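A.B. asks: Chain B: place on chain A using the hints.
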Amino acid sequence: DAKTTQPNSMESNEEEPVHLPCNHSTISGTDYIHWYRQLPSQGPEYVIHGLTSNVNNRMASLAIAEDRKSSTLILHRATLRDAAVYYCILRSGTYKYIFGTGTRLKVLA
Amino acid sequence: SAVISQKPSRDICQRGTSLTIQCQVDSQVTMMFWYRQQPGQSLTLIATANQGSEATYESGFVIDKFPISRPNLTFSTLTVSNMSPEDSSIYLCSVDKGLYNEQFFGPGTRLTVL
Chain A
1 DAKTTQPNSM
11 ESNEEEPVHL
21 PCNHSTISGT
31 DYIHWYRQLP
41 SQGPEYVIHG
51 LTSNVNNRMA
61 SLAIAEDRKS
71 STLILHRATL
81 RDAAVYYCIL
91 RSGTYKYIFG
101 TGTRLKVLA
Chain B
1001 SAVISQKPSR
1011 DICQRGTSLT
1021 IQCQVDSQVT
1031 MMFWYRQQPG
1041 QSLTLIATAN
1051 QGSEATYESG
1061 FVIDKFPISR
1071 PNLTFSTLTV
1081 SNMSPEDSSI
1091 YLCSVDKGLY
1101 NEQFFGPGTR
1111 LTVL
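Residue numbers (my numbering), protein chains in the order written: chain A, 1 to 109; chain B, 1001 to 1114.
Bear in mind the hints are in silico, worked out from the structure with no lab data behind them.
It is possible that part of the hints are untrue.
Claimed, not checked - With a straight-line cut-off of 20 Å between C-alpha atoms, the simulated SDA-like cross-links for lysine to any residue are: (1) B:Lys-1007 to A:Gln-42; (2) A:Lys-106 to B:Pro-1067; (3) A:Lys-106 to B:Gln-1041; (4) A:Lys-96 to B:Lys-1007; (5) A:Lys-96 to B:Ser-1042; (6) A:Lys-3 to A:Tyr-95; (7) A:Lys-96 to B:Phe-1066.
Unchecked claim - Listed below are several chain B residues computed to face chain A (Cβ distance under 10 Å; list not exhaustive): (8) Ile-1004; (9) Thr-1077; (10) Phe-1104.
Unchecked claim - Coverage of chain B stretches by chain A, computed from C-beta distances (three or more under 8 Å per stretch; other residues unrestricted): (11) 1038 to 1045; (12) 1079 to 1089; (13) 1106 to 1114.
This structure is a prediction, so every number in the text was calculated from the model and none was measured.
All residues carry an ideal CB built from backbone N, CA and C; glycine is no exception.
Looking at chain A on its own, in the form it has when it is part of the complex (with noise of 0.2 Å):
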């Protein structure tokens, strides 16, 4: 299973625009990128998944590097609700997550 590399932490200020990168340098052509995040206390939940082009939800936007081997989850205004682990997971036909360590997001009021 491919893997994915994230800081382990990052903080923003409220109301600022902020950016999680993954590193997924062995990605493979059929992987999917997907992003979940998890609030205290609570189950992983999905935030959005791309392929090869960048993609937006009412959540957040998915960048994705023209060579795949890295993308950047961007949330464009950051709230104190969205403090929380985000995790940045490949998934290809199998229906299997592997989960990495994430990235543990701080905001700041």
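C.D. replies: Chain B in isolation, oriented as in the chain A frame:
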């Protein structure tokens, strides 16, 4: 989407005993997954449970320690057997659902073994 509930939400157990965790989904799903999240750690997949077949366990997890049942398409149980303090973790179930087959997770069961 899918709404998942787990019982119990938390428990404190004695060493050597067993605990069965229930996972209920509000709709029929083919695959259900069980994860363990040790204190301060990420999630580790324990096994995949399909209805009508034996669960498939990941490396490092065995059926004798973590027996799983999947009697129908909306329910599964995970038993943590012969518990030791090292089993103190949050146990989460999840299902594949949704437009993009994203996974939906239950709230977790926080287990403390004394």
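A.B. asks: For A:Lys-3 and A:Tyr-95, compute the direct alpha-carbon distance and say whether it is at most 20 Å.
C.D. replies: holds, 15 Å
A.B. asks: Between the stretch 1106 to 1114 of chain B and chain A, see if three or more residues pass the 8 Å beta-carbon test, and mark the coverage as holds or violated.
C.D. replies: holds (count 3)
A.B. asks: Starting from B:Lys-1007, check that the Cα of A:Gln-42 is at most 20 Å away, please.
C.D. replies: Answer holds: B:Lys-1007 to A:Gln-42 is near 14 Å, not above 20 Å.
A.B. asks: Quick check: the stretch 1038 to 1045 of chain B, covered by chain A? Criterion 3+ residues, Cβ under 8 Å.
C.D. replies: holds (count 4)
A.B. asks: Are B:Phe-1104 and chain A close enough, Cβ to Cβ, to be under 10 Å, as the hint says?
C.D. replies: This interface hint holds because 7 Å falls under the 10 Å limit.
A.B. asks: Starting from A:Lys-96, check that the Cα of B:Ser-1042 is at most 20 Å away, please.
C.D. replies: Satisfied, since the Cα-Cα distance of roughly 15 Å is no more than 20 Å.
A.B. asks: Regarding the pair A:Lys-96 and B:Phe-1066, is the alpha-carbon distance no greater than 20 Å?
C.D. replies: holds, 18 Å
A.B. asks: Grab the minimum C-beta distance from B:Thr-1077 to chain A and call the hint holds if it beats 10 Å, violated otherwise.
C.D. replies: violated, 17 Å
A.B. asks: Taking only the CA atoms, is the gap from A:Lys-106 to B:Gln-1041 under or equal to 20 Å?
C.D. replies: holds, 17 Å
A.B. asks: Counting residues of the stretch 1079 to 1089 of chain B that have a beta-carbon nearer than 8 Å to any beta-carbon of chain A, does the count reach 3?
C.D. replies: violated (count 0)
A.B. asks: Straight-line Cα separation of A:Lys-106 and B:Pro-1067 no greater than 20 Å?
C.D. replies: Status violated; Cα separation ~38 Å.
A.B. asks: Go through the hint on B:Ile-1004 and say holds or violated, using the shortest Cβ distance to chain A against 10 Å.
C.D. replies: Hint holds; B:Ile-1004 Cβ to chain A Cβ min 8 Å, cut 10 Å.
When each numbered hint is compared with the structure, violations occur for hints 2, 4, 9, 12.
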